[in-house]
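K.L.:
Position chains V and L relative to chain S; hints supplied.
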Amino acid sequence: MDSVTNLEARLRAVEDRLEIQALAARFSDAVNERDVTAFAQLWASGRPIWEIGPPPQSRAEGIDEIIAMLRRLFQIERYFMQMTHSGVVTIDGDRATARFVERERGQGDDTYYDNLAVYDDVLVREPAGWRFLERHYRYRFLDQTPFEGNAFPVTR
Amino acid sequence: MDSVTNLEARLRAVEDRLEIQALAARFSDAVNERDVTAFAQLWASGRPIWEIGPPPQSRAEGIDEIIAMLRRLFQIERYFMQMTHSGVVTIDGDRATARFVERERGQGDDTYYDNLAVYDDVLVREPAGWRFLERHYRYRFLDQTPFEGNAFPVTR
Amino acid sequence: MDSVTNLEARLRAVEDRLEIQALAARFSDAVNERDVTAFAQLWASGRPIWEIGPPPQSRAEGIDEIIAMLRRLFQIERYFMQMTHSGVVTIDGDRATARFVERERGQGDDTYYDNLAVYDDVLVREPAGWRFLERHYRYRFLDQTPFEGNAFPVTR
Numbered sequence: 001m002d003s004v005t006n007l008e009a010r011l012r013a014v015e016d017r018l019e020i021q022a023l024a025a026r027f028s029d030a031v032n033e034r035d036v037t038a039f040a041q042l043w044a045s046g047r048p049i050w051e052i053g054p055p056p057q058s059r060a061e062g063i064d065e066i067i068a069m070l071r072r073l074f075q076i077e078r079y080f081m082q083m084t085h086s087g088v089v090t091i092d093g094d095r096a097t098a099r100f101v102e103r104e105r106g107q108g109d110d111t112y113y114d115n116l117a118v119y120d121d122v123l124v125r126e127p128a129g130w131r132f133l134e135r136h137y138r139y140r141f142l143d144q145t146p147f148e149g150n151a152f153p154v155t156r
Numbered sequence: 001m002d003s004v005t006n007l008e009a010r011l012r013a014v015e016d017r018l019e020i021q022a023l024a025a026r027f028s029d030a031v032n033e034r035d036v037t038a039f040a041q042l043w044a045s046g047r048p049i050w051e052i053g054p055p056p057q058s059r060a061e062g063i064d065e066i067i068a069m070l071r072r073l074f075q076i077e078r079y080f081m082q083m084t085h086s087g088v089v090t091i092d093g094d095r096a097t098a099r100f101v102e103r104e105r106g107q108g109d110d111t112y113y114d115n116l117a118v119y120d121d122v123l124v125r126e127p128a129g130w131r132f133l134e135r136h137y138r139y140r141f142l143d144q145t146p147f148e149g150n151a152f153p154v155t156r
Numbered sequence: 001m002d003s004v005t006n007l008e009a010r011l012r013a014v015e016d017r018l019e020i021q022a023l024a025a026r027f028s029d030a031v032n033e034r035d036v037t038a039f040a041q042l043w044a045s046g047r048p049i050w051e052i053g054p055p056p057q058s059r060a061e062g063i064d065e066i067i068a069m070l071r072r073l074f075q076i077e078r079y080f081m082q083m084t085h086s087g088v089v090t091i092d093g094d095r096a097t098a099r100f101v102e103r104e105r106g107q108g109d110d111t112y113y114d115n116l117a118v119y120d121d122v123l124v125r126e127p128a129g130w131r132f133l134e135r136h137y138r139y140r141f142l143d144q145t146p147f148e149g150n151a152f153p154v155t156r
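Residue numbers (my numbering), protein chains in the order written: chain S, 1 to 156; chain V, 1 to 156; chain L, 1 to 156.
Pulled out of the complex, with its shape left as it was, chain S reads as follows (with noise of 0.2 Å):
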């Protein structure tokens, strides 16, 4: 029984890992296919914080404000596709604290983006998984001149 206490415990640790592995995939994805309803739900309760940058900035508190702010981003990129590489995750209970390396490239009308960051987060186990509590997007490269290219609508 004590060995199967420890495997329980050792293969929590693995599914907390790969959990908020798949938190920041399905961040990328809701944005990518411009999910609002899968976006919400990436968020813990209370007062989670959504921070990009400076420069440019945006910043909002509440769940209201984060999907707000998702709105005015769609508005302005038409054509958005955000890139999560590897992140390093660390857990200390309900809580953990992770780091994502991150690219961007959006197209609006007559503007261009194309950026590397990272984002560091703090997240929270809650009764349904784990959630965003903190995402902060620091920009490390930032383009805003024009590129080449044709840009695909999101259809399925």
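No lab work stands behind these hints, which were simulated from the structure alone.
A couple of the hints might just be wrong.
Label pairs and their calculated CB-CB ranges [as the list claims (entries may be wrong)]:
{"id": "1", "chain 1": "V", "residue 1": "Arg71", "chain 2": "S", "residue 2": "Ser45", "range": "50 to 60 Å"}
{"id": "2", "chain 1": "V", "residue 1": "Asp94", "chain 2": "S", "residue 2": "Pro146", "range": "41 to 51 Å"}
{"id": "3", "chain 1": "V", "residue 1": "Gly93", "chain 2": "S", "residue 2": "Gly129", "range": "15 to 25 Å"}
{"id": "4", "chain 1": "V", "residue 1": "Asp120", "chain 2": "S", "residue 2": "Arg78", "range": "14 to 24 Å"}
{"id": "5", "chain 1": "V", "residue 1": "Gly62", "chain 2": "S", "residue 2": "Pro55", "range": "46 to 56 Å"}
{"id": "6", "chain 1": "S", "residue 1": "Val122", "chain 2": "V", "residue 2": "Asp120", "range": "26 to 36 Å"}
{"id": "7", "chain 1": "S", "residue 1": "Pro146", "chain 2": "V", "residue 2": "Asp120", "range": "50 to 60 Å"}
{"id": "8", "chain 1": "L", "residue 1": "Pro54", "chain 2": "V", "residue 2": "Phe74", "range": "23 to 33 Å"}
{"id": "9", "chain 1": "L", "residue 1": "Glu33", "chain 2": "S", "residue 2": "Gln57", "range": "13 to 23 Å"}
{"id": "10", "chain 1": "S", "residue 1": "Thr155", "chain 2": "L", "residue 2": "Ala9", "range": "40 to 50 Å"}
{"id": "11", "chain 1": "V", "residue 1": "Gln75", "chain 2": "L", "residue 2": "Glu33", "range": "34 to 44 Å"}
{"id": "12", "chain 1": "S", "residue 1": "Asn6", "chain 2": "V", "residue 2": "Ala40", "range": "34 to 44 Å"}
{"id": "13", "chain 1": "S", "residue 1": "Gly93", "chain 2": "V", "residue 2": "Ser58", "range": "41 to 51 Å"}
Since the model is a prediction, treat every value here as computed from it, not as a measurement.
We put the CB at the ideal spot given by N, CA and C, even for glycine.
P.N.:
Quick look at chains V and L alone, frame taken from chain S:
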């Protein structure tokens, strides 16, 4: 015994998720390393479907057509790298769907290819493990104008 | 009891895979965050090898040379991001090989660096966990012509 059965089910769920992520990683590795044998092992028996685009569009049904399509693409893209980012995976018994964020860069004789896309996938669990039943590559950004720099052949 | 032993072996296989992926993620994080201490902890005892290129080529053997090489690269690339994508991992007892898809962007004083590559790795399991015994960075695309936009230093 009950707790062991429960642990086994949870472990199986973790293994499934990791195996599907590994399958997508093996896909990128096989095309990047130009390994046709490894590529052939990623597909389900029966009549798997591999579709890219439009635009441009390529489509193959069945492993023979799929291998022929890969060889055609290798001729066009003499230098090629596929970058697989995060993906969302939904498992339902022996079936799964997934969507991975992709970026590709290719170069041929006077051709250039740089794109961002998603792979929409259907997977099945076969006796030997998870395999692709369908892969649909949907472009989001596509740039075929010349880029700078050098490309290097695969060597080891 | 037999089923518990079997579960433990399967769980260990999952942990090994995740630990190796986390090691590659920690490598990118350490170079991106310019954290020499974290970087030093990723390497095996004995005489690990870190090789980049050619071209250009850098090579170090042993942790002292490896740290010196990292510091040299930090001087050249004042702004730098390494993006680790998917990788294939093959584990054989306490040894493993892996190949990760990479992209890097760097900028220095009048130098520019944008590349796609793979990291061919050899890993060993040590008492404290998996470590890199060898990393070989093989360029597939390399562009050192100027790019546009702004770069930002690491801050937190």
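K.L.:
If a hint holds in the structure, say so; if it doesn't, say that too.
P.N.:
Evaluated hints:
no.: 1; hint: Arg71/V / Ser45/S: 50 to 60 Å; verdict: holds, 53 Å
no.: 2; hint: Asp94/V / Pro146/S: 41 to 51 Å; verdict: holds, 48 Å
no.: 3; hint: Gly93/V / Gly129/S: 15 to 25 Å; verdict: holds, 21 Å
no.: 4; hint: Asp120/V / Arg78/S: 14 to 24 Å; verdict: holds, 21 Å
no.: 5; hint: Gly62/V / Pro55/S: 46 to 56 Å; verdict: holds, 52 Å
no.: 6; hint: Val122/S / Asp120/V: 26 to 36 Å; verdict: holds, 32 Å
no.: 7; hint: Pro146/S / Asp120/V: 50 to 60 Å; verdict: violated, 29 Å
no.: 8; hint: Pro54/L / Phe74/V: 23 to 33 Å; verdict: holds, 25 Å
no.: 9; hint: Glu33/L / Gln57/S: 13 to 23 Å; verdict: holds, 21 Å
no.: 10; hint: Thr155/S / Ala9/L: 40 to 50 Å; verdict: holds, 45 Å
no.: 11; hint: Gln75/V / Glu33/L: 34 to 44 Å; verdict: holds, 42 Å
no.: 12; hint: Asn6/S / Ala40/V: 34 to 44 Å; verdict: holds, 41 Å
no.: 13; hint: Gly93/S / Ser58/V: 41 to 51 Å; verdict: holds, 49 Å
Hint 7 from the list above is the single one not met by this structure.
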